[in-house]
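Chains as they are written, first to last, in the UniProt record's numbering: chain A, 1 to 405; chain B, 1 to 405; chain C, 1 to 405; chain D, 1 to 405.
Note that these hints are calculated values from the structure, not bench results. Incorrect hints may appear among the rest.
Identical chains blur together in the list; that is why a pair holds if it fits in one copy or across any two.
[Unchecked claim] Once the Cα atoms are required to be at most 25 Å apart in a straight line, the calculated DSS-like pairs of lysine-lysine come out as: (1) K5 - K400; (2) K24 - K341; (3) K400 - K353; (4) K209 - K341; (5) K284 - K353; (6) K5 - K353; (7) K284 - K324; (8) K400 - K355.
There are 4 protein chains.
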Amino acid sequence: MTKEKVVLAYSGGLDTSVEIAWLKNAGYDVIACCIDVGEEKDLVQIQAKGRQVGAVASVVIDAKQEFAEEYCLPALQAHAYYEGEYPLVSALSRPLIAKKLVEVAQQYQATTIAHGCTGKGNDQVRFETEIHALAPELKIEDPIRDQHMSREMEIEYAKENGIPVPITKESPYSIDENLWGRANECGILEDPWATAPEDAYERTTALEKTPDTPTYLEISFEQGVPVALDGQQYPLHELIQVVNQVAGQHGIGRIDHVENRLIGIKSREIYECPGAEVLLTAHKDLEDLTTTNDLAHFKPLIEKEIADTIYNALWYTPLFDALKAFLAESQKEVNGTVRVKLFKGNVICEGRKSKNSLYDMNLATYTAADSFDQEAAAGFIKLYSLPSTVHTQVQQQLAKAPEMQ
Amino acid sequence: MTKEKVVLAYSGGLDTSVEIAWLKNAGYDVIACCIDVGEEKDLVQIQAKGRQVGAVASVVIDAKQEFAEEYCLPALQAHAYYEGEYPLVSALSRPLIAKKLVEVAQQYQATTIAHGCTGKGNDQVRFETEIHALAPELKIEDPIRDQHMSREMEIEYAKENGIPVPITKESPYSIDENLWGRANECGILEDPWATAPEDAYERTTALEKTPDTPTYLEISFEQGVPVALDGQQYPLHELIQVVNQVAGQHGIGRIDHVENRLIGIKSREIYECPGAEVLLTAHKDLEDLTTTNDLAHFKPLIEKEIADTIYNALWYTPLFDALKAFLAESQKEVNGTVRVKLFKGNVICEGRKSKNSLYDMNLATYTAADSFDQEAAAGFIKLYSLPSTVHTQVQQQLAKAPEMQ
Amino acid sequence: MTKEKVVLAYSGGLDTSVEIAWLKNAGYDVIACCIDVGEEKDLVQIQAKGRQVGAVASVVIDAKQEFAEEYCLPALQAHAYYEGEYPLVSALSRPLIAKKLVEVAQQYQATTIAHGCTGKGNDQVRFETEIHALAPELKIEDPIRDQHMSREMEIEYAKENGIPVPITKESPYSIDENLWGRANECGILEDPWATAPEDAYERTTALEKTPDTPTYLEISFEQGVPVALDGQQYPLHELIQVVNQVAGQHGIGRIDHVENRLIGIKSREIYECPGAEVLLTAHKDLEDLTTTNDLAHFKPLIEKEIADTIYNALWYTPLFDALKAFLAESQKEVNGTVRVKLFKGNVICEGRKSKNSLYDMNLATYTAADSFDQEAAAGFIKLYSLPSTVHTQVQQQLAKAPEMQ
Amino acid sequence: MTKEKVVLAYSGGLDTSVEIAWLKNAGYDVIACCIDVGEEKDLVQIQAKGRQVGAVASVVIDAKQEFAEEYCLPALQAHAYYEGEYPLVSALSRPLIAKKLVEVAQQYQATTIAHGCTGKGNDQVRFETEIHALAPELKIEDPIRDQHMSREMEIEYAKENGIPVPITKESPYSIDENLWGRANECGILEDPWATAPEDAYERTTALEKTPDTPTYLEISFEQGVPVALDGQQYPLHELIQVVNQVAGQHGIGRIDHVENRLIGIKSREIYECPGAEVLLTAHKDLEDLTTTNDLAHFKPLIEKEIADTIYNALWYTPLFDALKAFLAESQKEVNGTVRVKLFKGNVICEGRKSKNSLYDMNLATYTAADSFDQEAAAGFIKLYSLPSTVHTQVQQQLAKAPEMQ
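Please work from the sequences and hints to get the whole structure.
Have a look at this one:
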């Protein structure tokens, strides 16, 4: 009789290695599946380890390009910051990983997907909600959470099942990362009054050690997609990597935030998003030049909803499809180049130009070239202020003759 | 026969000095009125000059405290940035200046208020809309705009009317400033691709010249009002001045923005708001700690409306009163202290604490002190993902049996 | 040794009578508590029955006035319709009932509150969330739900414990009602294609049987509170009752709605809200006359959030307090009288007048009395259309000379 | 030498006939252009009259189909009501008429477009803004407004220029109508306390005279488009006409509203939109069945923005394109049939069904078929109420030990 198959989101670490053993012991054939969204993992080694600790198959997927083009890009164009503070990071990769797991499950005819999230984080909600949205027929297992395995129990279980136990001291931090950023929680960070120590950061240089010379970048966009740096074209995922590297050297993109998780608690995390910070700033600056006022003033409501929808794991929903349709339409004229100065943690947009620029120097100038009809202003002001005028007149009348009412 | 009286918003500069003469020649008794909202003007000298160039009375008003407490404070608590970019600056002082002009007009029984705004800026709309909203019975004059006086004509008119003409070369910039920031347009800035030159800035040190040692500040808030720095109490307007000074030295608060004016054109301006930037960042950080998720996630809509309402000169409206009522209620638990590091243009919130902190370490921790009920997550996820699950089931059924529909 | 005490939300029906027995058997002293929010219950009989089936105390509370003034009123002023369809009904009474239960628990030093909600409705979420928000130290019991007692098991348990079992056939419907309306689900209504049968309605006459003569009502409001009908003053809860009665006779306020519950499923319910429908329509009509355009155009966002916040059981939150502060401010000028015609299911606002009317006949008229400055329109249009004009000019230039870009 | 050409929006009435003469006298070759958007005009007669009173060419365009498919449809799908009260009517036809005028101008190489709107209404703003947005190079004339011609002056001018003057008494009302509805202002309606007289209505029967037997209609939608009535397919513009007729007989769709014009004044108008009312009600009812909760709860913000954007004459803007993209995406699953009862002014949705129905009877039922996991509710409630719980615990602690803070 064939065994049921389970596809496990596999990282190569202790938690998910123990889960391979546990799932195998529970009667499953385990397919380990490692998806690279920009953590710079050693996929070969992870693939080998998956087999070594008991998986019947070990799959590795380089999803960086898809992650950049389908997941980071809408977040960029929507200026998606969670709670106005950080550019989403983990929430962005979860739907892609869920999709890849479901694809592998369908390919292997697995009945089940397993993951190793804790019971108090956002990720369990995200993985499970997004898997349900893609394939409600699949079951979900999370042995570490559901068996209440502590670190000690895991090590015990690993030893019993021939799984290598790391000999280095465990990091105090819990880290997740991808192309768009790096998230870090736990340890000393759990005290919101404590300064985050320098060893909590990895992608960004401390301001005290950044270069004393700025880097200037000209970032070019076509329809809201960053396509070139200083005139050189890059595929999006490579462009993000380049900007991450340069901006990280200048100490750009550190964020320290107490956030509301979707499971109802506050947590304190630090983020490093050097590339995202630069691209988000430049993209907004170009939109300021190319987008009409009506669209520019309404889009923030869409942006907030997109950020919340991503954070809340509603990527695969009709709502998100509709939001993306709005977003795509809004990007058609976001063409041009922004010149940014990267220096001492700052992203400074010094200049911007576009064939779609709606800035009209002849209208804006105070020089003789002025083509603005200043006479029109009087009429405009008269009608613009009419509601307030009438309102105050009524108030004045009431104040004068209250007895007449 | 007595003449009609006009109250003129008087700055001491050429434009409004010429306006005194013009209004006098037009048959008015002119009351010059200069209101200090934090430009550090020489009020004594301006008062004297007003009389000297022909005003029958010259009034000066130090409105810094009122400006801080009644105008900057709601902008701070609402995290009011125009177009997500800069903290409003000029738009904030206009309603207060309009109110003071109306008060003086009522005191002197004037029939008219005069100002010297150009015909293509926001300020003419703001002054006139706000004056109409306060006293619709008052007439408004703007001779420079309505007589189409060019710079050359003004100088001619000044000479004819015994008004001193400045001998220094005219600044290429058009500047407005107050406690909350400094706005600068015109000159080379009219080219949005050009880097703003260093001489366009005044309140902030260039990053290249900022100190190599950070300044740390502990900013304490009571009900959303910043009340103390490093434990020392300040009245709000003085606190803003102190922070302006310290943050300016660290090069904080430069903003370069292409914005949509309310008269329908785009303009490019640069801003310097060192103190505002620090206070806004710290206040938001404290709110993250003390505000419940539901309020934190809705407040941004109110914030955006407040920013737009201020920018659009709707300060004295029932809408703004209602928005302020929401805002005041939202600040009741924003008590506590934020520790910020000011360094190389960056405002870094390193720690925050509050008696109203909603961060519960026993819920958030991953240590043994954990009091979070991880079992509850399974039920939560089940119901949370139910709508997506049902939706996908329906889609799958349709895909399987399209002919049955 | 003293027993723990539990306060049970008691209706007098089979479910909650069985719960008295169950809680008693589980070792509690039970305080039965029946709160009247406008169902026209026989409180004396319910109080007696509570004691009779085993409660150590039986408390009845007439909360109609408080319900009208503190709960219905904000819903009225906020034009709160869930999903744009019905005026909330059950969601409105839950926070008041929770508050009364907590007050009784504190008075009796009870440790626990019990209710009899099913496991798939909104009410369990509402009662428990609102009790937690008022008194997180109280435990909550729901024996019917948690013991999975079916109707048959309940009858069995009743017989064993000397509880009278109703001999009439059980209604197919599940009904909840209060001053603001009546909600009905279950039975044939579970088929959304089926027409709701006439016996599902109770408060409203079928259109086919309504009078052939309309009723006219002049409803007067002070600061957004309905205070008089045809000039006669009423306390709010009585005014609602009167309007319910009159409007019900005219068949007003039937609503048939498929809604999204907060636990993630859709359900179909019918509602009868005759009085609410009339008051909501009249109040909106008066606001149209007395509210400035800026407030009128923003308030709907607040209204939607208020409706959702009430539906989602977030009454006792800082968010709701802030929303109510906005609302209260918005009502200051909602004074005046609306003349409505009630006829054949229709609420027709035929006329409205107010000392705060912002309708200015001299501005609006097309007769010779016209005081509107038609010249101003040209200037207004010029600036109003400027962004579109510039945008199209840029597009035209691009279309003409694509190679030049 | 050739004359400049002007395209005049021509209705056949006195105003625009006088304008033909005036424009001709001003040196233009006039092309009269009459566009039928559902007023049931006698196009042949209007075309002849245009030539007769002096136009060099007279063009008539039946735009009913385009109006229904491109203009009414998004308004339907967006549930677009202005100020929550009426389905837009005039605002919907203006962009189409503007577009047709521009097309004719381009075809005839005209330099100018002329219209006959008054100087205090919305229509002048709409026509001119929308013409500018389509063809900023065209000039615009409005002789009646700009020459301040009163009714008497018009009649004088008509007589002098051989234009037939109507001998019937002028209607007291000012009426605009199209497929989607009929708008009526002026006369006695200018008093907002006065009941609109019966002669103000034309498309709807007075409730007192409607049939005593209801009409039942099954309205079928495909992707949000109404395609069939009682199973019979219709092109959209015919379907609207049929529903207008049936619903009008039942007295459906009368609306009496005091509204905020975009030029800053309030006006009182009455509307008749029988077909729109029925289709809007049925479409919303079907969405309630087929749309997921997340989309259903966000779409109202888009709907409000669409209504405002249309009202405010911003049809031809990038914002409106983006809003339409959202809307189109939201309609993909709005398939199915709604059974409505039309009776005595009421539109009653009695039943609805869809292959895309998200109502799952097995989840919703309270019978034995129940497949809802009631256990999950406990976990859901626990996390759902966690923020309120923590908030209250903090408040309680502060209340107990205020001195410790």
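Hints, one by one, checked against the model:
1. Proximity of K5 to K400 under the C-alpha cut-off of 25 Å is restricted to the inter-copy arrangement: shortest distance 24 Å between copies versus 83 Å within a copy.
2. For a Cα distance limit of 25 Å, the shortest separation of K24 from K341 qualifies neither inside one copy, at 54 Å, nor across copies, at 51 Å.
3. Only between protomers do K400 and K353 lie at most 25 Å apart by alpha-carbon distance; the minimum there is 19 Å, versus 56 Å within a single protomer.
4. Within a single copy, K209 and K341 get their C-alpha atoms as close as 18 Å, and across copies as close as 16 Å, so both meet the 25 Å cut-off.
5. Taking the shortest alpha-carbon separations for K284 and K353, only the intra-copy value of 13 Å comes in at or below 25 Å, while the best inter-copy value is 33 Å.
6. For the homomeric pair K5 and K353, neither the shortest alpha-carbon distance inside one copy (55 Å) nor that between copies (39 Å) is at most 25 Å.
7. Proximity of K284 and K324 under a CA criterion of 25 Å is satisfied in both settings, with 17 Å inside one chain copy and 23 Å between copies.
8. Taking the closest pair of Cα atoms, K400 and K355 come within 25 Å of each other only across two copies (13 Å); inside a single copy the shortest separation is 58 Å, beyond that limit.
Comparing the model with each numbered hint stated earlier shows that hints 2 and 6 do not hold.
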